[in-house]
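Q: Below, each chain spelled out in residue letters.
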Amino acid sequence: MRLTKKSDQPSATSNTSGLGLSRRRFLQNSGIAAGGVATAGMMAPGMMQQAQAAIVPTGAPTEVKRTICTHCSVGCGVYAEVQNGIWTGQEPAFDHPFNLGAHCAKGAAVREHGHGDRRLKYPMKLVDGQWKKLSWEQAIDEVGDKMLQVRQESGPDSVYWLGSAKFSNEQAYLFRKYAALWGTNNVDHQARICHSTTVAGVANTWGYGAMTNSFNDIHFSKSIILIGSNPAEAHPVAMQHILRAKERNKAHIICVDPRFTRTAAHANEYIRIRPGSDVAFVWGLLWHIFENGWEDDQFIQQRVYGMEEVREEVSKWTPEEVENVSGVKGDQMRRAAKELAENRPGTIIWCMGGTQHTTGNNNTRAYCILMLALGNMGKSGGGTNIFRGHDNVQGATDLGILSHTLPGYYGLSDGAWKHWSKVWDVDLEWLQNRFDQKVYRKLKPINNKGIPVSRWIDGVLEDKAQIDQKDNLRVMVCWGHAVNSQTRGVEMKKAIEKLDTLVIVDPYPTHAAVMSDRKDGVYLLPACTQFETSGSVTASNRSIQWRDQVIEPLFESKPDHEIMNLFANKLGFGEELFKNIEIKNGQPVIEDITREINKGMWTIGYTGQSPERLKLHQKNWHTFNYDTLKGEGGPISGEYYGMPWPCWGTAEQGHPGTPILYDTSKPVAEGGLTFRARFGVEREGQNLLAENSFSKDSDIRDGYPEFSDKLLKKLGWWNDLTAEEKAQAEGKNWKTDLSGGIQRVAIKHGCSPFGNAKARAVVWTFPDKVPLHREPLYTPRRDLVSKYPTWDDSESMYRLPTLYKSIQDKDLSKEYPIILTSGRLVEYEGGGEETRSNPWLAELQQEMFVEVNPVDANNMGFRDGDDVWVEGAEGGKVRVKALVTRRVDEGVVFMPFHFGGHFQGKDLTDKYPKGAAPYVTGEAANTATTYGYDPVTQMQETKVTLCRINKATA
Amino acid sequence: MAKMKFLCDSKRCIECNGCVTACKNENNVEWGIQRRRVVTINDGEPGETSISVACMHCTDAPCMAVCPTDVFYQTEDGIVLHNKDGCIGCGYCLFACPFGAPQFPSDAAFGERGKMDKCTFCAGGPEEDNSPEEKAKYGANRIAEGKLPMCAEMCSTKALLAGDAAEVSDIFRERVIYRGHNDGAWAQTTLQNETDLAYDATQPKA
Ligand code: SF4
Ligand code: SF4
Ligand code: SF4
Numbered sequence: 001m002r003l004t005k006k007s008d009q010p011s012a013t014s015n016t017s018g019l020g021l022s023r024r025r026f027l028q029n030s031g032i033a034a035g036g037v038a039t040a041g042m043m044a045p046g047m048m049q050q051a052q053a054a055i056v057p058t059g060a061p062t063e064v065k066r067t068i069c070t071h072c073s074v075g076c077g078v079y080a081e082v083q084n085g086i087w088t089g090q091e092p093a094f095d096h097p098f099n100l101g102a103h104c105a106k107g108a109a110v111r112e113h114g115h116g117d118r119r120l121k122y123p124m125k126l127v128d129g130q131w132k133k134l135s136w137e138q139a140i141d142e143v144g145d146k147m148l149q150v151r152q153e154s155g156p157d158s159v160y161w162l163g164s165a166k167f168s169n170e171q172a173y174l175f176r177k178y179a180a181l182w183g184t185n186n187v188d189h190q191a192r193i194c195h196s197t198t199v200a201g202v203a204n205t206w207g208y209g210a211m212t213n214s215f216n217d218i219h220f221s222k223s224i225i226l227i228g229s230n231p232a233e234a235h236p237v238a239m240q241h242i243l244r245a246k247e248r249n250k251a252h253i254i255c256v257d258p259r260f261t262r263t264a265a266h267a268n269e270y271i272r273i274r275p276g277s278d279v280a281f282v283w284g285l286l287w288h289i290f291e292n293g294w295e296d297d298q299f300i301q302q303r304v305y306g307m308e309e310v311r312e313e314v315s316k317w318t319p320e321e322v323e324n325v326s327g328v329k330g331d332q333m334r335r336a337a338k339e340l341a342e343n344r345p346g347t348i349i350w351c352m353g354g355t356q357h358t359t360g361n362n363n364t365r366a367y368c369i370l371m372l373a374l375g376n377m378g379k380s381g382g383g384t385n386i387f388r389g390h391d392n393v394q395g396a397t398d399l400g401i402l403s404h405t406l407p408g409y410y411g412l413s414d415g416a417w418k419h420w421s422k423v424w425d426v427d428l429e430w431l432q433n434r435f436d437q438k439v440y441r442k443l444k445p446i447n448n449k450g451i452p453v454s455r456w457i458d459g460v461l462e463d464k465a466q467i468d469q470k471d472n473l474r475v476m477v478c479w480g481h482a483v484n485s486q487t488r489g490v491e492m493k494k495a496i497e498k499l500d501t502l503v504i505v506d507p508y509p510t511h512a513a514v515m516s517d518r519k520d521g522v523y524l525l526p527a528c529t530q531f532e533t534s535g536s537v538t539a540s541n542r543s544i545q546w547r548d549q550v551i552e553p554l555f556e557s558k559p560d561h562e563i564m565n566l567f568a569n570k571l572g573f574g575e576e577l578f579k580n581i582e583i584k585n586g587q588p589v590i591e592d593i594t595r596e597i598n599k600g601m602w603t604i605g606y607t608g609q610s611p612e613r614l615k616l617h618q619k620n621w622h623t624f625n626y627d628t629l630k631g632e633g634g635p636i637s638g639e640y641y642g643m644p645w646p647c648w649g650t651a652e653q654g655h656p657g658t659p660i661l662y663d664t665s666k667p668v669a670e671g672g673l674t675f676r677a678r679f680g681v682e683r684e685g686q687n688l689l690a691e692n693s694f695s696k697d698s699d700i701r702d703g704y705p706e707f708s709d710k711l712l713k714k715l716g717w718w719n720d721l722t723a724e725e726k727a728q729a730e731g732k733n734w735k736t737d738l739s740g741g742i743q744r745v746a747i748k749h750g751c752s753p754f755g756n757a758k759a760r761a762v763v764w765t766f767p768d769k770v771p772l773h774r775e776p777l778y779t780p781r782r783d784l785v786s787k788y789p790t791w792d793d794s795e796s797m798y799r800l801p802t803l804y805k806s807i808q809d810k811d812l813s814k815e816y817p818i819i820l821t822s823g824r825l826v827e828y829e830g831g832g833e834e835t836r837s838n839p840w841l842a843e844l845q846q847e848m849f850v851e852v853n854p855v856d857a858n859n860m861g862f863r864d865g866d867d868v869w870v871e872g873a874e875g876g877k878v879r880v881k882a883l884v885t886r887r888v889d890e891g892v893v894f895m896p897f898h899f900g901g902h903f904q905g906k907d908l909t910d911k912y913p914k915g916a917a918p919y920v921t922g923e924a925a926n927t928a929t930t931y932g933y934d935p936v937t938q939m940q941e942t943k944v945t946l947c948r949i950n951k952a953t954a
Numbered sequence: 001m002a003k004m005k006f007l008c009d010s011k012r013c014i015e016c017n018g019c020v021t022a023c024k025n026e027n028n029v030e031w032g033i034q035r036r037r038v039v040t041i042n043d044g045e046p047g048e049t050s051i052s053v054a055c056m057h058c059t060d061a062p063c064m065a066v067c068p069t070d071v072f073y074q075t076e077d078g079i080v081l082h083n084k085d086g087c088i089g090c091g092y093c094l095f096a097c098p099f100g101a102p103q104f105p106s107d108a109a110f111g112e113r114g115k116m117d118k119c120t121f122c123a124g125g126p127e128e129d130n131s132p133e134e135k136a137k138y139g140a141n142r143i144a145e146g147k148l149p150m151c152a153e154m155c156s157t158k159a160l161l162a163g164d165a166a167e168v169s170d171i172f173r174e175r176v177i178y179r180g181h182n183d184g185a186w187a188q189t190t191l192q193n194e195t196d197l198a199y200d201a202t203q204p205k206a
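The listed protein sequences correspond, in order, to chains E and H.
Residues 1 to 954 (this note's numbering) are what the first sequence spells out, left to right.
Residues 1 to 206 (this note's numbering) are what the second sequence spells out, left to right.
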């Protein structure tokens, strides 16, 4: 570490009948007749409009609210027009810096949330197979009593708190805290089955596991490689930015996917790979890059550790081997590698296609290594632009609704609990005593990762002697979660039936309410949507956006934080939970929660975004630059929209947010950053810190470790702290100093509070140090299993035995010869309950289907539009329509996962509470999916399994 | 006088149906009626191309020419509108329209078509601008409020353009210039030799 003292460094603070269904051609003949007309009958024509006309007198004054689309993480701005409390209009937010007024089908239809005809309207419980209405009081009492009883008998770990990426940041944070105060780490949310392998893989490479740049920054890319990502359907407004780069910047777009997606249709080059061969594919690109010397030597030398070991592995991936494993021909690989090398800066975009694999962490790390080798990191136009899913999955991840960490990725160590109990102002000992005190496999439950959402069914069904906690899961709380987005539907049904009680807190009843044969012990509690409350939400690019409340809660629904208050009081820890949070009219004050978040989230810089600053950003959408997101003039000039985290220090310190992670061309005070020093300073005699690389205006002209009181003293900067700061900073580091002084002083000297290190291409703490290709558990390529086997079975991962080899060893490729993969449709989101209940969307996709290549269809003896059974390798089967298309390759079939309300051929629509069934129901793809979990994060495998297909008779 | 037209830039349209639900939302269009829809050719194959279509507000509108009760009229801005009160639901306009724009409610009694509904360019109908009657029968009248059609305003990729033909073509021309000649920036895949669609639609074709 070299120090260069600078004098007087100024402190830098400061179809005609197909009706738009052209793609699902068969619907023109069959589906629309069956589904469309029937469904139309269910809804009185012009109903909406009449309802409104009746209530809103003409000329009633119009209030305009600013909110954010609740469907995906692009975070499109919305102007909602409200008259007499009714949401009467939706105008395009042309001045919003992310979307310029644009929306996809979902965003353009959000006003339906103001009607909510198919919502769950009041608390209900299942009694003898019938839904009975309850009062809120009675519901909380009954459910609470049950939970307390289970807690008494089986310990706090037998109640599972499954939270949601649909929460606001404040609700997400409160939910994690709530679970902690209940005394369990059995708390999780959709991020586990969405981007957990990104978060872990990417954070272990360079510090933070998030999208490094932004949608807008893609404008500056010269090449864009999308792998396992289909923004044209999943993040449509992102295509506005991608196509802009294509047009204005002549960006070369490469789309890598087993399916010829709608995104592929807009790419310069489409590359079809075999599902599950991502690592082989990426190493194949790198083979050409290394072979031709296209890598960025200087970048690697200064900022990357361990590339030599990657080189060794890559050398095995000759063009022949890559073609053998991934199916991509050598000349296409070379051409793609050359384009990426010649068009820099370039960005890589990935989504579920890369993450939802048993080998998800290997995939995400391979993508990162590709960008490191090309020197694309920390640059405008470069970066890993990882598109998150739900509107607030980034925020809910950051705020820790995860079984392996407290908010802010602090983990579950004693130090982490100490930090948070201090922020929460609760007694640490009391908190520890809320947990089961027994030790399982050397760990107390308080320090042991809880059961992840992907495995909750095993938490119910597994022999309890094999689980690292007192008892099985007995009460399951699905709070904003669609169970049909999870694999192994048949076993899930068994698990639901075995539970003592299932509690669903959601604006809609969901598939979980109907899929089992339970006759009682199910409670439905109506939560409201984010349009019925206010709070902040973190977009994929880490910008935090404020939402106004648009309308009052519909029917008897309540906002999630109010429901948490009700439960916490019933369960006996309301006082501790809301110690520094005011309750007004039964509702915890949102801004108080934001402030508590600011008080504790130092690790990732959620500390500077006070509610006041967030609201000021919200009021000034028009002042931010469409390309850079930087405020140009106006009241927040120089700040980046939504203060993308890290927004260091306290709000008073005025950090502008970090628009691009690890960008050394700017001073840290102006949003610059280095790679984080997270993995030590030295390994096997090699320096892990950056060499000769540092952010602009840094006083330390080399790598340095993370900041602590000790480092400040060593550097002679301790006296830059105020007396007050000193008192709090003593014995603390940049993550635990609640005064923010350590961060302030580091930034004053141009340094990143978290140090300046190399990114690491090898992760010695992971099962595979260098990412390796491993065959999927269910693979048709038996010839590759011995060369690229999976891992050995494990006795315990996240409290549960986890199988690998014993599954892969069974050859089922004869009985189940076809690869089954899954994905999204633009009209629907997640499990689809909300979007299938929106008539404007539901009308566009009325039938669940499976895409099959014509060759396979002909071989298997069915035609386009026929009903077929798709049976997964573990026996779960679904009856769906065949859509015969070349979109998928021979031997591969695809199903969308948004449908629910049918189970193995049975239509369960009648089992929904009256008037609360979605307009469209269908088989859940995941009824047919199978076992398989990533060893690092327990990500589920949804993208490669095996199946067989038969024409359905009668 | 402005001449209102739509243009859908097929190189940008991603078949996201934003325009379709925007129209439903803005005009409270009932289930079964599609004033706007997205049509895709070469679905699922190289060359896959989508465009969003509605009433084209033809200058010499065939619907207008054939309607037996003469309910159609054209505004000063060239928008083709109709008077539902006079519509007998015969469906002749649908027969005449090259784009299948006229729509008929599916819930009408058997054998009856009900009154025709179609894209109004978000310009309402013959009733008083933005009156409850106009809203109930035809949906929004954004033109009277000085706004443009909702479908185009909300298009996710700005593929769908609406407005005065001269302005629409200016925007499109600018894009074509950025894109360069034929497949300069727009070849779909290297495996394919289709003619590029990014010609300057405002110029007569050579
Ligand atoms: S779903 Fe995503 S892309 Fe579509 S409008 Fe909403 S935020 Fe924008
Ligand atoms: S112009 Fe208005 S009425 Fe016509 S398709 Fe667009 S939104 Fe619908
Ligand atoms: S909103 Fe735009 S991109 Fe989407 S289908 Fe309509 S015209 Fe195409």
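Careful: at least some of the hints might be erroneous.
As the list claims (entries may be wrong) - Derived Cβ-Cβ restraints for the label pairs, each shown as a range:
1) Glu-552(E) - Asn-42(H): 22 to 30 Å
2) Glu-652(E) - Lys-3(H): 55 to 63 Å
3) Lys-147(H) - Glu-137(E): 44 to 52 Å
4) Ser-10(H) - Arg-248(E): 17 to 25 Å
To be verified - Partner residues are not named here, just some residues of chain E that face chain H (Cβ under 10 Å, in silico):
5) Arg-66
6) Ala-108
7) Ala-109
8) Tyr-122
9) Pro-231
10) Ala-232
11) Glu-247
12) Arg-259
13) Arg-262
14) His-266
15) Trp-430
16) Ile-446
17) Trp-840
18) Asn-950
19) Thr-953
Treat the hints as calculated values from the structure; they're not laboratory data.
No residue lacks a Cβ here, since even glycine has one placed at the ideal position from N, Cα and C.
Q: So, for every hint listed, does it hold in this structure?
A: Okay, the hints, checked on the actual structure:
no. : hint                                : verdict
1   : Glu-552(E) - Asn-42(H): 22 to 30 Å  : 48 Å, violated
2   : Glu-652(E) - Lys-3(H): 55 to 63 Å   : 56 Å, holds
3   : Lys-147(H) - Glu-137(E): 44 to 52 Å : 47 Å, holds
4   : Ser-10(H) - Arg-248(E): 17 to 25 Å  : 18 Å, holds
5   : Arg-66                              : 16 Å, violated
6   : Ala-108                             : 4 Å, holds
7   : Ala-109                             : 4 Å, holds
8   : Tyr-122                             : 26 Å, violated
9   : Pro-231                             : 8 Å, holds
10  : Ala-232                             : 4 Å, holds
11  : Glu-247                             : 5 Å, holds
12  : Arg-259                             : 8 Å, holds
13  : Arg-262                             : 6 Å, holds
14  : His-266                             : 7 Å, holds
15  : Trp-430                             : 51 Å, violated
16  : Ile-446                             : 46 Å, violated
17  : Trp-840                             : 4 Å, holds
18  : Asn-950                             : 23 Å, violated
19  : Thr-953                             : 27 Å, violated
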